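Listed below, chain by chain, are the residues.
There are 4 protein chains.
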Amino acid sequence: MKYTIFGESHGPAIGVVLEGVPAGLELDLKAVQAELDRRAPGKDPTATARKESDTVHVLSGVFEGKTTGAPLCMVIQNSDQHSGDYGSIRYTPRPSHGDYAGFVASKGCLDYRGGGHFSGRLTAPLVAAGAVAKQALAQHGVGVWAHIANIDSIWDDAFISFTEEDDDCTQIAPPEDLEALPRKEFPVLNDAAGERMRAHILEVKAEGDSLGADIECAVVGLPAGLGAPDFGRNVEGIFSQYLFAVPAVKAVGFGAGFLFSQLRGSEANDPFEVRGGKVITKRNNAGGINGGITNGMPVLFTVTLRPTPSIALPQESVDLRTGEEVELEIKGRHDPCIAPRAVPVIEAAAALAACEVMGL
Amino acid sequence: MKYTIFGESHGPAIGVVLEGVPAGLELDLKAVQAELDRRAPGKDPTATARKESDTVHVLSGVFEGKTTGAPLCMVIQNSDQHSGDYGSIRYTPRPSHGDYAGFVASKGCLDYRGGGHFSGRLTAPLVAAGAVAKQALAQHGVGVWAHIANIDSIWDDAFISFTEEDDDCTQIAPPEDLEALPRKEFPVLNDAAGERMRAHILEVKAEGDSLGADIECAVVGLPAGLGAPDFGRNVEGIFSQYLFAVPAVKAVGFGAGFLFSQLRGSEANDPFEVRGGKVITKRNNAGGINGGITNGMPVLFTVTLRPTPSIALPQESVDLRTGEEVELEIKGRHDPCIAPRAVPVIEAAAALAACEVMGL
Amino acid sequence: MKYTIFGESHGPAIGVVLEGVPAGLELDLKAVQAELDRRAPGKDPTATARKESDTVHVLSGVFEGKTTGAPLCMVIQNSDQHSGDYGSIRYTPRPSHGDYAGFVASKGCLDYRGGGHFSGRLTAPLVAAGAVAKQALAQHGVGVWAHIANIDSIWDDAFISFTEEDDDCTQIAPPEDLEALPRKEFPVLNDAAGERMRAHILEVKAEGDSLGADIECAVVGLPAGLGAPDFGRNVEGIFSQYLFAVPAVKAVGFGAGFLFSQLRGSEANDPFEVRGGKVITKRNNAGGINGGITNGMPVLFTVTLRPTPSIALPQESVDLRTGEEVELEIKGRHDPCIAPRAVPVIEAAAALAACEVMGL
Amino acid sequence: MKYTIFGESHGPAIGVVLEGVPAGLELDLKAVQAELDRRAPGKDPTATARKESDTVHVLSGVFEGKTTGAPLCMVIQNSDQHSGDYGSIRYTPRPSHGDYAGFVASKGCLDYRGGGHFSGRLTAPLVAAGAVAKQALAQHGVGVWAHIANIDSIWDDAFISFTEEDDDCTQIAPPEDLEALPRKEFPVLNDAAGERMRAHILEVKAEGDSLGADIECAVVGLPAGLGAPDFGRNVEGIFSQYLFAVPAVKAVGFGAGFLFSQLRGSEANDPFEVRGGKVITKRNNAGGINGGITNGMPVLFTVTLRPTPSIALPQESVDLRTGEEVELEIKGRHDPCIAPRAVPVIEAAAALAACEVMGL
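Residue numbers (this note's numbering), protein chains in the order written: chain Z, 1 to 360; chain D, 1 to 360; chain Y, 1 to 360; chain W, 1 to 360.
By construction, these hints were calculated from the structure, which means they are not laboratory data. Small disclaimer: the values here were computed from a predicted structure and weren't measured. Wrong hints could be hidden among the right ones.
Because identical chains cannot be distinguished in the list, a pair is counted as satisfied if it fits within a single copy or across any two copies.
Below, a list of computed lysine to aspartate or glutamate pairs in the EDC-like style, where the Cα atoms sit at most 16 angstroms apart [unchecked claim]:
hint	residue 1	residue 2
1	205	316
2	282	327
3	282	203
4	2	37
5	282	325
6	30	54
7	282	316
8	184	195
9	282	157
10	205	267
11	184	207
12	66	28
13	184	44
14	278	176
15	205	44
16	205	324
17	107	26
Whole structure, please, built from the sequences with the hints as guidance.
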C-alpha cells in the first residue's frame, strides 16, 4: 500500500491516492471519517479555534462498499479560505516553516498561502489513508495505538516501563485504557498528567509561544520474522521513512530510543522467556525489533514533534526580494501545541508503515 | 547511488555493490582503505582485541583508476575464523541480537556463526561504499563529519550549540578540529571529555558490561532546496532510512532532535538573517532541514546506538528446540562500546544518503 | 515524474497524480486540454459515437499558472453514465477484456461497469499527464510524435526507412508533416494510405468486427549517453514499462524491432558517420538505443495494439456463478479500431518515459 | 527477488547479487551450474569457438545448502583474457554495439575491453540468478521454457498455434518435448527445422555476417489474478523490463504479439470455456495476460534478438578523438547467431520476472 498526498492548504481540494490496497476489504467509511474528526481542529481549548469541516469523498477504488484493489482516491474539498492573511509571508519566510526551503525548491513558484503543500492540513489525507491501513491491519489482528508521552517534561504513563522485568511486555497497557485513547480529546493514559499538560499549554499560549511534544506509539500484533537487516527492508528504516514524512517530526526512536546512550547492555538487553509456549522478551527495550526484524513483541517507538513554528511573538526574517532583514509577526490562529491532533496522524503513518512491513 | 551489502561474518567474503556511481570519478582507493582502517577493530583499548585485516578489492566498475558508471563491486575476503565459538548460540539466541528474529525470518536457516549477515562486520562494506560516496560528494564541495557526542551522559562539545544566537551556524566547528577527527582513534572534539569516556568504557568493560552512545554527524555544503515534504522524497526520511540500516542505531534526531519536546517555539525557531548576501539562520535547531527540504545550513543529526548486546554477564535465553529457558554466557571478545568504530560507519551512511539527496 | 492513475469508468471521477514535476514550469492548460481532445471519441466515423466531454481540472501543484513541484493532481469528472448496460457482464466476462482476470484479482469485488478501472477511458488522465510531460520535455528541446503505422497490412509511410543508407536519420520526417499529425483526426503521414485504412475499418465495423494496429512513435532530441545496460536503468526497459501500461498494447519493438529476426548483421548495423561535427548513425535500425543507452539519434519504437475486444459478434463466455458456458453479445457502441485515438495515448506514455530517462 | 549484475568482460570477475531470495530454499548448485553450461560458448559449431569456463561460486546467502534470505552473491572468475585484441576499438566504436553510447555515458571512462560491462558475457550471472529463481518457482509449480522460434523466416513449431480453436491451450507442448529442450545444444521443438536454421547460420557465418532470431518463451503454472493494469504493476510491463535488460533484445510481444495488427477481434479474442471445473480460454492469443493481470493460462511471449553486431565484414566507424571516418574490421571469434545461447538467458529473465509477479 503506497500513498501519495496532493493538495495545498488554499487550493480547491486536498487528497490522497492509495495504491496496492488489498481487494475485498469492506471499507468502513464512518471509521475513516471518525479518524479525520480526531485530528480536526477546534475541539479542545489547547488547539487552534479554526474550524475545518473535513469530509472525505471516495473517488475511486471502492465498489459496493468494498475495495477493488484499484487505486483508492479520497478527496477533501477545501472550504473558502481567506488567502489575504498570508500575503505578508510571500517574500518573508516564517522561521522554521518550510517557506524559505520551499521557495528555493520551487524556484520561487511556491503556493505560500497557509503553507500551501507544506501545511499541517495535508495530514488530513494522511489520516484518511491511515484509516484504510488500520482496517487492513485489523483483519490480521494488528492494532495501532498512540498517546502524548511528554510535553516539556510533563510525562504521561508509558506504554511499557523500560526497566521493570516483571512487566508483561506482550501487552502495552490494559485494553480498556487503549480503547479509551481514540475517544479522548486529549489522548493520554493518565488524565491527571494530561490536565497538567493542558494547563501548561494554555500558559504558554497566553505568552504567545508554543510547545513541542513526544508521541509514543505501539503497533501490536505484528508477527515475528518480518523485515531484514538490509537497507530498504529493515523495519526501523521503513517506519522512520513514514514517520519523518509527517510535518513537525524531528526525531524517531525505537524502544528505549535515545535513552540507550544512558543504559548499559545488562539493562538494555531484553531477556528471553517462554510464556504460553511462545518465545517472548521480558522487557521490550528493543521496541519489538532486533536486527531490523520484528521479534513478535509490540513495535514501540517515540517521535518528537518540534514546537509549532507559528508563534505570536515577533521574529526575525528576511525580505527575499531585497535581502533586508525584517521583523515578522505571524497573524492568525495556530495550535500552541500540535500534540493532541498529531496523535491520530502518527497512528496513520505507523499503520501505513505496518502495512508495508506486513506486505499488505 | 544505491548500495547492496552481501556476506556473512564467517562466509568466504563480504562486499557491496554500488549502482549509479557517477562516471569519471577518479577513485582514491587508498582513501577507501583508510576509511576501512578507521573502523577496524584492535586499535584502541576500548575496542575488541580481535584482529581483522580488511583489505578491499574492487571487482568491477573502475577502469584505469576511474569509475565507469557501471556497478562498482568491492569485496573483502574473510580470513579463517573459528566458527566453533558460536555453536552454542545456534538454538540459544543472544538477547537483543538479531539471532531470534533472524531465526524466524530465515525459517530456521540462519547462518548463526558470528552473527552471520547480522554481524557488525557487515559495516565494513558499508564504510567502503560510503568512502566512494564521500569522494563523489567532495567534487560538489560537500563534506561529512561525525564524532562521539555522548556516552552515558559524558558529553563531547557539540558541533553547534543549539541555543546561542551569536554562533555562526554556517560552520559546525573550526576546520582544523574537523579535519583532526578522522585521524583520532577516539573521535571527539574535546579530548578531555574523550578521556573521561574512555575511562568509563574500561570500567564498564571490567564489569562485563557494555555501553551505548550518541554520535553526532554533520553534512556540510548541501545547497538549499533539495528534497520535498512528501513521503519518499523528504530529506529526514531519506537520511533516516540509511541510518537505521546501520546495526545498533535505535534513534535518529535532526537538529535539536528529541530535545524539541523541551523547547518553546521561540527557542526552537531559527531566525533568518543575511550574511555575505546569503540567507542563513542564526541558529540551526532544524538541522538544516525545513519542511523536508534542505535550507542551505549544515544538515545535522544525532543517532543513538544501543549498548553492545554481547556482554560477558550471564543472560536469560531460551532453547529454540526444546522451549526451555536457559542461562547463556557469551564467549569471545567484543567491543564494550561500539562508538569509536561506529563513527566512520555513520559518516558512510550519511554520505550515501547525501548522494541520494543530491541526485548523485 | 511518476504518475498514478485512479478512477473507474462509471465512478464519480477519473484522474492522475504526477509526482516530481519540475517546479517553475508555466503550465499550458489549453495544451493539456487539446491533447485530451485528440483522444476524445466521437470525432471520426471510425471511432465510437459515444460523446465524452473530458474537461480537466487541476486540483493541486500549480500556483499562479506555474508548477510548484508539489504533486500535481488532475481530475476529470465522469458525466452520468448508464450503468445498466453493463449488468449482463457482471458474471459473464467478455473475452480478452480484463473482466475475468480482474474478477479473480479483486476477489470478486470488481467494478465491472464499463470496464471499471480497466476501461480505455482511463487513458484520458494518462494523456493529461503526458501533456505535462511534453511541456517539460519541450523546455529541453525534446519532442514526441506518433502516427498509425499499419492496420491489417495497410502501411503508412514510415518515420524512417530502415534500409536506405542515404536517409538523414537524424530527422524522422519533414517538420511540417510532423506538426500536421496532431491536428489530424486520422493521424498518418500519408493521407491516401489513411483513407484506405479508414475504409477498411468501416468495412470491418459493418461486419461487427474490430481491428488492431501498429503505432510508430519517435522521441526526438534526447541527448546521447542517457540510461545504462542494467536492469531498471536501460532505456528500452524504461520505455516498455510505460508502454505496456497502456491498455491494448501487446508488443513493443525498438528500431527495426521484430524485423531484426529477418535481417543480417550487415543490414541491421547502423554505420557511424560525422555530420556537422556530430557523431550520427547513417541508419537508425537501433531506434536510437545501443546497449540500453541513448546514442543521440531519435528514439524510435513501434507498439502493436490488439483489436478492440468488444465486438458485436456473439462470443463464448462462462457464467462465473454457475460455471456454465454461455453465449455473450456485447451491447453498446465501441471503437472498431482504437488506433486514431491511441496515438496521443502512446505519445503520452512515451513523454512520461522520456522524462524518466532525462531525469526530469 | 531483485538482482544486480556487476563486472566487466576483462575485469577480475563478474557476478550477481540477489536480494529477497526466499529463505529455506534448498539450493541446487549443480542445477545452477547446468544452466550456466547451457549458455557457455564453444559447444555448437554455430557458436563462437571461444572457451569460457564459467564456474559459479557462492559468496553469501546460503548456509548448509539452504538460502538464508540474506543477499545471495554469486561470482564467476574471469580467466586470463587477451585484452590486446580490443585496443583498436577504444576510440573506434563498433556499429550497433554499446561502445559509442557507453563512451558518452561514461564520460569517456569506458572499459572497452571485450565490451566491458556491456559484454554478452554478463548474461552468465543473469543465468545464475535465473537458475535460483527457477528453483524458487518450482516450489510453486511454475516452470519456464523457451526455444528458438524463428531465424530468418525458418520457423520452429510454436508452443501454441494461435488460431486453432481445438488446441488445449492450457498446455504449451507435450511435456517430454519441453523437458528435452534444456538438454539440446540447439533448442528447438522441431529438430528438422533446427537443422535448417543451423545450416543457414553456417552459411551466413561463412559470408562474415550474422543473424538475429525470435525466442519464444512460456511461463507455465502462474495462477490467475496476479498483477494489475497500472503502471509498475502490470504483468507485461514487469516482464518487459526484465527482458529488455538482456543485451540484443529489441522487441517483446505477448501472445500473438506483433501479429495482432493483422488480426480481427473475432480471431484475436480468446473464448472462455470451462474444463475440469476451471475457467480456461480456448485460444491463448493474449499470452495469459488480460488487463495486465494473469488469467491462469500460460504466459507466452516472444522476444526478437538483433543480429550479432560483431561481424567480420568491414564497417564504417568514426575515430572519436579526431572525428575522422574510418573503416573498422572486428577481429576475434563471435557468435554468428546468439540464439542457441540466448535461450537459457531469456528463460532466466523470465524466471526473475515471474518471481516478481508471484511476489517471491
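Consistency of the hints with the structure:
| no. | hint | result |
| --- | --- | --- |
| 1 | 205 to 316 | neither (20 angstroms within a copy, 49 angstroms between copies) |
| 2 | 282 to 327 | between (55 angstroms within a copy, 14 angstroms between copies) |
| 3 | 282 to 203 | neither (41 angstroms within a copy, 27 angstroms between copies) |
| 4 | 2 to 37 | neither (23 angstroms within a copy, 31 angstroms between copies) |
| 5 | 282 to 325 | between (56 angstroms within a copy, 12 angstroms between copies) |
| 6 | 30 to 54 | within (13 angstroms within a copy, 31 angstroms between copies) |
| 7 | 282 to 316 | between (51 angstroms within a copy, 9 angstroms between copies) |
| 8 | 184 to 195 | within (12 angstroms within a copy, 50 angstroms between copies) |
| 9 | 282 to 157 | neither (19 angstroms within a copy, 37 angstroms between copies) |
| 10 | 205 to 267 | between (39 angstroms within a copy, 14 angstroms between copies) |
| 11 | 184 to 207 | neither (26 angstroms within a copy, 47 angstroms between copies) |
| 12 | 66 to 28 | within (9 angstroms within a copy, 38 angstroms between copies) |
| 13 | 184 to 44 | within (10 angstroms within a copy, 53 angstroms between copies) |
| 14 | 278 to 176 | neither (24 angstroms within a copy, 49 angstroms between copies) |
| 15 | 205 to 44 | within (13 angstroms within a copy, 51 angstroms between copies) |
| 16 | 205 to 324 | neither (30 angstroms within a copy, 56 angstroms between copies) |
| 17 | 107 to 26 | between (44 angstroms within a copy, 12 angstroms between copies) |
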